[in-house]
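With the hints as constraints, model all of the structure from the sequences given.
These protein sequence lines are chains V and Z, in that order.
Okay, so the first sequence: first residue is 50 according to my numbering, each after it adds one.
Okay, so the second sequence: first residue is 50 according to my numbering, each after it adds one.
You can take every hint at face value.
No copy is singled out in the list; a pair is fine if it fits within one copy or between any two copies.
Okay, derived cross-link-like pairs now, SDA-like style, lysine to any residue, Cα gap no bigger than 20 Å in a straight line:
| hint | residue 1 | residue 2 |
| --- | --- | --- |
| 1 | Lys188 | Gln218 |
| 2 | Lys188 | Thr164 |
| 3 | Lys188 | Asp221 |
| 4 | Lys188 | Arg165 |
| 5 | Lys188 | Arg167 |
| 6 | Lys256 | Met104 |
| 7 | Lys188 | Cys286 |
| 8 | Lys188 | Glu226 |
| 9 | Lys256 | His151 |
| 10 | Lys188 | Arg55 |
| 11 | Lys188 | Ala160 |
| 12 | Lys256 | Thr70 |
| 13 | Lys188 | Glu161 |
FYI, nobody ran anything at the bench for these hints, they're computed from the structure.
Quick caveat, the model's predicted, so the values are computed rather than measured.
Below are the chains, spelled out letter by letter.
2 protein chains.
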Amino acid sequence: MLDDVRVVAFDIFGTTVDWHTGIAEQVGEVFERRRIGLDPAAFADSWRDRYLPAMARVNNAEREWAYLDALHRESLDALLAEHGVGNAVSESDRMRLVRAWHRLPAWPDSAELLTRLRRRYTVVALSNGGFGLLVDLVKAAGLPFDAILSAELARTYKPAPAPYLIAAQLLDVDPGEVLMVAAHGWDIDGARAAGLRTAFLERPAEKGPYREADRAAGTTCDIPATSASDLATRLGC
Amino acid sequence: MLDDVRVVAFDIFGTTVDWHTGIAEQVGEVFERRRIGLDPAAFADSWRDRYLPAMARVNNAEREWAYLDALHRESLDALLAEHGVGNAVSESDRMRLVRAWHRLPAWPDSAELLTRLRRRYTVVALSNGGFGLLVDLVKAAGLPFDAILSAELARTYKPAPAPYLIAAQLLDVDPGEVLMVAAHGWDIDGARAAGLRTAFLERPAEKGPYREADRAAGTTCDIPATSASDLATRLGC
Numbered sequence: 050m051l052d053d054v055r056v057v058a059f060d061i062f063g064t065t066v067d068w069h070t071g072i073a074e075q076v077g078e079v080f081e082r083r084r085i086g087l088d089p090a091a092f093a094d095s096w097r098d099r100y101l102p103a104m105a106r107v108n109n110a111e112r113e114w115a116y117l118d119a120l121h122r123e124s125l126d127a128l129l130a131e132h133g134v135g136n137a138v139s140e141s142d143r144m145r146l147v148r149a150w151h152r153l154p155a156w157p158d159s160a161e162l163l164t165r166l167r168r169r170y171t172v173v174a175l176s177n178g179g180f181g182l183l184v185d186l187v188k189a190a191g192l193p194f195d196a197i198l199s200a201e202l203a204r205t206y207k208p209a210p211a212p213y214l215i216a217a218q219l220l221d222v223d224p225g226e227v228l229m230v231a232a233h234g235w236d237i238d239g240a241r242a243a244g245l246r247t248a249f250l251e252r253p254a255e256k257g258p259y260r261e262a263d264r265a266a267g268t269t270c271d272i273p274a275t276s277a278s279d280l281a282t283r284l285g286c
Numbered sequence: 050m051l052d053d054v055r056v057v058a059f060d061i062f063g064t065t066v067d068w069h070t071g072i073a074e075q076v077g078e079v080f081e082r083r084r085i086g087l088d089p090a091a092f093a094d095s096w097r098d099r100y101l102p103a104m105a106r107v108n109n110a111e112r113e114w115a116y117l118d119a120l121h122r123e124s125l126d127a128l129l130a131e132h133g134v135g136n137a138v139s140e141s142d143r144m145r146l147v148r149a150w151h152r153l154p155a156w157p158d159s160a161e162l163l164t165r166l167r168r169r170y171t172v173v174a175l176s177n178g179g180f181g182l183l184v185d186l187v188k189a190a191g192l193p194f195d196a197i198l199s200a201e202l203a204r205t206y207k208p209a210p211a212p213y214l215i216a217a218q219l220l221d222v223d224p225g226e227v228l229m230v231a232a233h234g235w236d237i238d239g240a241r242a243a244g245l246r247t248a249f250l251e252r253p254a255e256k257g258p259y260r261e262a263d264r265a266a267g268t269t270c271d272i273p274a275t276s277a278s279d280l281a282t283r284l285g286c
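And the structure:
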C-alpha cells in the first residue's frame, strides 16, 4: 500500500519528544525557586493550549511571520499575568522557560524507531519548531535523523500545506512519497490535505496527567500505529 | 582565539567527500560500457572546471536560480559534445552521471572528525549541493552531521554572502560564532567576507592525480589545518 514512500517525516513535540514532562519539570523548577504555588503540569497544559491559536494567527496573515520562540514568549507573558504572578518571574526566568522548548526528553523508544526506519527510508524531522530550536533539541535528545526540516523554511506553520510541500520539494520527492508521522489529528489532517501519506503514532501520555491524548481512531490516516514498534513493523522495518 | 565559535560548518565536495575519485570512477564505468576512449580522471577535472563559472552566472543574475543538478547536466552535455562523444552517451547514462554527485565516498577520516567535533560544537554541512542531494550524499557516506544546510535555502551559491549568513540565521547564532571549514581558498574567502571564522582543511588529493590541491598557505584564515586530526586538536576536541 505504501510502496511509494521514500521519506518518513516525524513531528517532534509529542510525537518524538515528551514535551509535557520536559516543560512541567522546567516550569516546576522556576515556580519552586520563586515560591509560586501553581501546578506546573496544569500550567504546561495552559501554555500548550495557546500554541495552535498563536500559529493560526500567523497562517491567517493576522500578523507577520514570527518565530516559535517569540510566540512561546508572548503566550508565557500573558499566562503569567493572568495568573497574577507576573511580578514573581524575572526576565531571565522567562528566557529560560522559552528555551525549555529547546531541551526536551525523547520518548524512550524514539531513537531506536528512527534507527530502524533509517535502514529503509530517509527519516527527517518536520516540526513547527524553528530550525535552530530543532537542531538544539535533536542533538541534546540524541535523535539520529537524516535531516532536519522546519516550518520556518516555509515561514508558515503546519497544518497549512506549505511546510509539508516544501519538505517534499527540498528532498526532491513527490508529496505522495512522504509519510508524515504524528500523534495529533490536526497534523495528520494537514499532511493528508497537502497530498502526503500519513501515519498516526499514538502517544498516550503526550498531554500529561490531566488530558486525554489524541487517538488514531478519531483520524483518517494510512497507518494507525499503537506504538513505535507497531509503526516500524507496519513499515517493513 | 576562537572561544566564541559554537557552530562548525563543513564544505562537502572535496572537504568532506572525495568527489574526484567518486566521479572519475562513475564516469569510467560509463565510458567503458560505451567504449569511449577518454581519460575519466581528466574528464572529471574538466567537468569540475565548469562548476564555479556556472554558479557565478546564477550569482551575477545572468540567469535565474538553477539547482546544482541542472548546472551539472548542462556542463556534462556541453563537455560530451565538445569531445565528440555526444551520440555515444544515452539519456539514462547522463542522468546517472548527474546523480553520481549524490553518491561520493567520504574521506576516510571525515566521520571520526565530525564525531569528535560534535561533542563540543554543533556540526553542520554547508554546501552548494542541493538540499536533497546533500541528504542523499551524507546518508550514503555515513557522515554524522547535526544538521544539513544548503545554498539552495538562499537560492544563491557560495562564495556569495547569503548562504553563509542564512546558515547563521537559521541556527540562531551570529556569523562570527560560525567556523567555516573548507579545502578551497574561494570558500574560505567567501566565508570570511560574510563575517564567519574560517579553517582551511588541506585535502592534498582533492583534485585527483593531475591537479594541485589548494593549500592553506595561499589563503587568509583563522586556522590552517594540515589534516583532520590537526583541525580537531586545534579546536580543543
